[in-house]
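Visitor: Chains as they are written, first to last, in our numbering: chain A, 975 to 1234; chain B, -10 to 280; chain C, -10 to 280; chain D, -2 to 263; chain E, 610 to 919.
Since the hints were made in silico from the structure, they are not lab data.
From the three backbone atoms N, C-alpha and C, an ideal C-beta is built for every residue, glycine too.
Any given hint might turn out to be false.
Okay, derived cross-link-like pairs now, EDC-like style, lysine to aspartate or glutamate, Cα gap no bigger than 16 Å in a straight line [as the list claims (entries may be wrong)]:
1. Lys261(D) - Asp168(C)
2. Lys116(C) - Glu260(D)
3. Lys116(B) - Glu162(D)
4. Lys765(E) - Glu789(E)
Listed below are several chain B residues computed to face chain D (Cβ distance under 8 Å; list not exhaustive) [to be verified]:
5. Ile151
6. Val160
7. Glu161
8. Ala163
9. Tyr164
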Amino acid sequence: MKRESLIILRRTFLILTVLFIYIWAFIGLPNIELKETSIEIVSAIISGLFQPDWGYVYDPAGEDLLRGLLDTVAIALLGTFIAGILCIPFSFMAANNIVKTKAIVGTNKFMLSFIRVFPDIVLALLFIKAVGPGAFAGVLALGIGAVGMLGKLISDSIEGIDLSAREALVATGANPIKIFMFAVVPQVLPNFFSFILYRFEVNVRAATVLGVIGAGGIGTPLIFALSVRDWERVGIILLGIIVMITLIDMISGKIRSRLT
Amino acid sequence: MDILGKTTYGEGRKAVNDLFSDGLLFTTLTKVGKRLIQFKNVSKIYPNGTIGLKNINLQIEDGEFVVIVGLSGAGKSTLLRSVNRLIEISEGEISIHGESITKAKGNELYRIRRDIGMIFQNFNLVKRSSVMRNVLSGRVGYHSTLRMILGLFPKQDKELAIEALKRVNLVEKAYVRADQLSGGQQQRVSIARALAQEAKIVLADEPVASLDPLTTKQVMEDLLRINQELNITMIVNLHSIDLAREYATRIIGLKDGEVVFDGPVIEATNDTFTSIYGQDMRKNEMKRAAK
Amino acid sequence: MDILGKTTYGEGRKAVNDLFSDGLLFTTLTKVGKRLIQFKNVSKIYPNGTIGLKNINLQIEDGEFVVIVGLSGAGKSTLLRSVNRLIEISEGEISIHGESITKAKGNELYRIRRDIGMIFQNFNLVKRSSVMRNVLSGRVGYHSTLRMILGLFPKQDKELAIEALKRVNLVEKAYVRADQLSGGQQQRVSIARALAQEAKIVLADEPVASLDPLTTKQVMEDLLRINQELNITMIVNLHSIDLAREYATRIIGLKDGEVVFDGPVIEATNDTFTSIYGQDMRKNEMKRAAK
Amino acid sequence: MNTIEKEQTDHIPSPPSKMKPIFTAMLVLVLVLGSGWQIGFSFTELLKGLPNMWDLVVQLVPPDLAYFQVITSPMLETIRMAVIGTTFGGLLAFPLAMLAARNVFFLSIITGPARFLLNLIRTLPELLLAALFVAIFGIGTIPGIFALMFFSLGIIAKLFYESVESIDPGPMEAMTAVGANKLKWIMFGVVPQVMAPFMSFFLYAFEINIRAAAVLGLVGAGGIGLFYEQTLGFFDYAKTSSIIVYTLGVVLLIDYLSTKIREKLI
Amino acid sequence: ACGNDGEGASSTENEDAENQEETNEDTEVQEENDGEELEELKVQFVPSQNADTLEAKAKPLEDLLSNELGIPVTVSVSTDYNTIVEAMKSDQVDVGFLPPTAYVLAHEQVAADVILQAQRFGVHDDGSATEELVDSYKSIFIVKADSDINSIEDLKGKKIGYQNVTSSAGFVWPAATLMEAGIHPLNDVESVTLKGHDQAVIALLNGDIDAAVTFQDARNVVVSDYENVFEDTKILEFTEDIPNDTIAVRPAISDEMKEAITQAFIAIGQDEEGQEIIRDIYSHEGYVESQDSNFDIVREYEEKVSNEVQ
Ligand SMILES: Nc1ncnc2c1ncn2[C@@H]1O[C@H](COP(=O)(O)OP(=O)(O)OP(=O)(O)O)[C@@H](O)[C@H]1O
Ligand SMILES: Nc1ncnc2c1ncn2[C@@H]1O[C@H](COP(=O)(O)OP(=O)(O)OP(=O)(O)O)[C@@H](O)[C@H]1O
Ligand SMILES: [Mg+2]
Ligand SMILES: [Mg+2]
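Starting from the given sequences, assemble the full structure and let the hints guide the process.
Guide: Given below as structure tokens:
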């Protein structure tokens, strides 16, 4: 009875906290009003986007859309690969249904939070100091930066898996690593790949970091075009990115269906 | 006990049962026998307050074929799972061959568990993996962690797995994903996994629940054979009284988490089962008779 | 057929079976009866190439208690699931009360399905939800979509759900999460869900596989009672020949996706079962005899 | 007869060809190595440069704790916008993700456009969203909330539909069998299974909105992003790290709340 | 010309300090055995904010410089000057294109020495370019054309859109102008930080702010999206001259190398082909030699403003 009332108390507290946060957030919200200039500017932007600057697609001297996309893919691919490998031990050890020691789980969760909180730009700075500006630094920054996100998402999804298969492995006397390989991996593999591919996509779009880092790729021209409001240029770059991401989606779908 | 176990086979089972027909003799024998699995004052209370087991004291000898019977929810699965510590008991201690599994840790615990095969009530297959991989997973206890991370099973293991699948008539599905199997086929994969494990004790939680009579017979014969030929101890939860009578050397009756019967098959009369399954059964029968 | 169905009960079943003892009479009767479920040249080939069903032609009448038997993997579940189109058949047509479910769409399909209850071999419970909610989910076909999105079940539904849980002896677990139940308890939840659905046809895929003899009896009696008192058609997959004999009015034997036997219980002799379960059974018995 | 049967039962199927996975792995390997070569990956260079990194790390500690006072109010402002933006983003993401999940809607006529829309939403760069929203709503809180909403929608929906696609089909099957229409089917067969991942993604998006809400700066809504820029611009690394510490505190708090909420759902 | 005068004046004022600093550096360079010779030149540039066209291209400059210097050159583009400075500090970048404020901060950290300054065409009040080459530009206060704000003093209590506080044109110079008029740039007005001079103009057109500070003339960026931007807004005030972008080198580089780099850039600016390239890419017209003292004005402003701000 006492335990139950404690649970109710804690639940009420949780609900009240969330409720309070919402009330606080919505209080003092200004009214939405549309600006007079909006039609003119938005239509200029949209019409610009829909008249992409085809001339930028290919330029014999290099430094065109195709080259930018290629560089971006190379950086994103390698960055994702590094992150994909580094995140595995973290996600495993931060899942509270795999590792039972609270301290280990807690430490790993903390580490993941810390990596996530660490701003991309500071990470970029660190690697620029180490290896100089350029694609290499970009790969390292993306590779390390993504560990926080992947580790969290994957460990969360490990925590939600069906444990019955795991039981069978426990019963055969498998140690945690073997259990992980045989009972957990096959179940989280689809999620793992989908997170990895999502991260790959994020990395392709990580224009800001790559722009800061001088890594080349499509990010810097995109930022430049946006800041001087060259919508035709923005349009063609976005088109390029969308086409590329769609292609990657298709290819990765094929790969995924093979691996899982 | 070992020798006795080996000489009995098939119909010979009856003779062995006769030997134990005297309850007193039975208990005396077990006291001097090699105590394989020992339950001392074991209780289990689930976090939500349900009582799973209540002060269980049992000893099971090498080579026995124990069948556990009881109503749904009586605690049969709980008892079985506490043997290899799939669930942590709340009180008491369980030891296997003199080693306390309750206190075992790390590699010691893994080794003890490796020697205990388990067939699960709800199969516990990795649905996304192939049948073969599910069966091979019974072998992981034998190899180094690194090897297992790379998924490198020796050739013998694969042959062993195929062998186990043959025994349950499922070899043609070896490379099919487990979720594409029928219910009975899934159960057979789970049995093959336990066979491939080459354990010294096998815990079987309703191993034939989803099987047709033919496969049931095959599986039970298989369990009996490995019990007798390899002197492997069997602890099996069964719902079928007929099967229990046919294969067991000893029957343990559970009710509400307590042992209400424990003795050789011969002692388990119809009245015994009636008392295990509670008064309801009698009431129910009376009702029907009244109509 | 209705009247006959209602007068038979329990032991009375035997009398009915006697009525049908002549195979000819049986077929004649079914031809004039109300054809409830009709299979026309139904085949099913799974995407991986496995043949599930091969050219099935069947008709099942109102109020029958059909038991389907067959080896594991014979296609029993596939047959059952094709009735309410849980799997799309590859060829042929299935109609229910003259309406083709194969061609039905949208609300029509939902309505047909609402009138068909199903008990699943592997329970298919939402493990994270409470028992009550799982049972109530059998009622969603009766209410407006909006109401269901908000999860507002009328009071009668809740009473109905409690009633269904009482029938399977599980009312004390009503507010427990489904994953905290024993195997047999989960199976009973799945039965309660089908009972709460108040369907006109019940498809049961091994409804008693994980149940102890007492509960098995209760559940089978329940199925029989609703079959007889409410004239609800039952199609049940069973592995136990004894149960099939005790409760069925008609037995259908499947082998490798084909109907190899179809007739009243009385016609299903031991030889029939032997042929359904294939030569292996005999071989197996011979082997044992040889030893 | 006997022999035929024997062949049938004893026939051991050959294992599936390993070529496909090996080929795929080789392809990935080639791509990785190729990219590594293209961008000039070098471990020695990295090792050589590590001491340089240390220079910066030294400047980051200890954090300037007095700076907390300055960033508290922008942080609260950020949280406030993130709460609203993420909530609306999540509310939109839920149905959109359902439409995009192939095991919920089987027709590519439905999932295709839904996925395309989601791809598009994720592709739009923050700067472009900012340009649009500032033009439409002016500067301040409102465009900030809209930007965060868009952003959350993209993240949550994408992650969510993929995880919906990997749920247990059993309960869905049961709902089909009781004759539930699509909405009821989703409510009772899908939703109970996916609430936990949904909350996880929702809270994750919330967290991103708080720690990386640079877009707020772009629409003149302030936010903590501006302060990173400022402190880095002045090479005032102690302050930068104090922002990191502060954000970490907030994120850990969210993490704690999120675990508590998820515990209720798993 | 006006800007040059100002800078000359300030350099005389600070002569002593400056001399001392220079001697310090000289000894430092000498200690390092006449500085490093380079086998490869690494150049990075950050586009200046005061440009209305930009290209993220590096190759053309690479080729030009490598032709002039006879060693391989790599050029990279970054969007943030902080990273250049850090890279120069750890010897990862040799030559950086830095905006004035960034240069001053970099010099403070002994990361960069200025060698050159970019030249551009001046800007008429209507936003069009002049014929005259200058090495400085101005920032402007703009308000709506129909606004009743007619002088700097009227800005008191009004809502002003700034850029980040490290921005020369978007904050430092305008803030100094305000302070001269007796208005505290943060306390006496309602300040809003915006990202991008174009956004500032749009926010002004929208009426979200009463005045915007931008480089002269940022309205050119917006004119394609909002045709009447020049009619609908007016310039309220100009700031003092802001030095153009610098080209700065790592202090440790040998004097000969520095000289070679300097001459290479000047040559590129004078070469017809080279000029076209630097114009297209960086909107530079050429380069003139410069020295650290030219940036004392920046330090002065920086100090003045940052004292008030922090
Ligand atoms: N989803 C699926 N994909 C491919 N093959 C399947 C699938 N489901 C079932 N099968 C195959 O179809 C055949 C018939 O399966 P079904 O489930 O109907 O058997 P069953 O008679 O119900 O057997 P059991 O008694 O074991 O439940 C089996 O060989 C099975 O492997
Ligand atoms: N994880 C759990 N949490 C809470 N209670 C549980 C849990 N598992 C089982 N129980 C409860 O413990 C009791 C015993 O369960 P157990 O699984 O041992 O029964 P069983 O004898 O195997 O029944 P069945 O024949 O139905 O499988 C039941 O009342 C069940 O509801
Ligand atoms: Mg059980
Ligand atoms: Mg089946």
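Visitor: Against each hint, give a clear statement of whether it holds in the structure.
Guide: Quick rundown of the hints versus the structure:
no., hint, verdict
1, Lys261(D) - Asp168(C), "holds (14 Å)"
2, Lys116(C) - Glu260(D), "holds (15 Å)"
3, Lys116(B) - Glu162(D), "holds (15 Å)"
4, Lys765(E) - Glu789(E), "holds (13 Å)"
5, Ile151, "holds (6 Å)"
6, Val160, "holds (6 Å)"
7, Glu161, "holds (6 Å)"
8, Ala163, "holds (6 Å)"
9, Tyr164, "holds (5 Å)"
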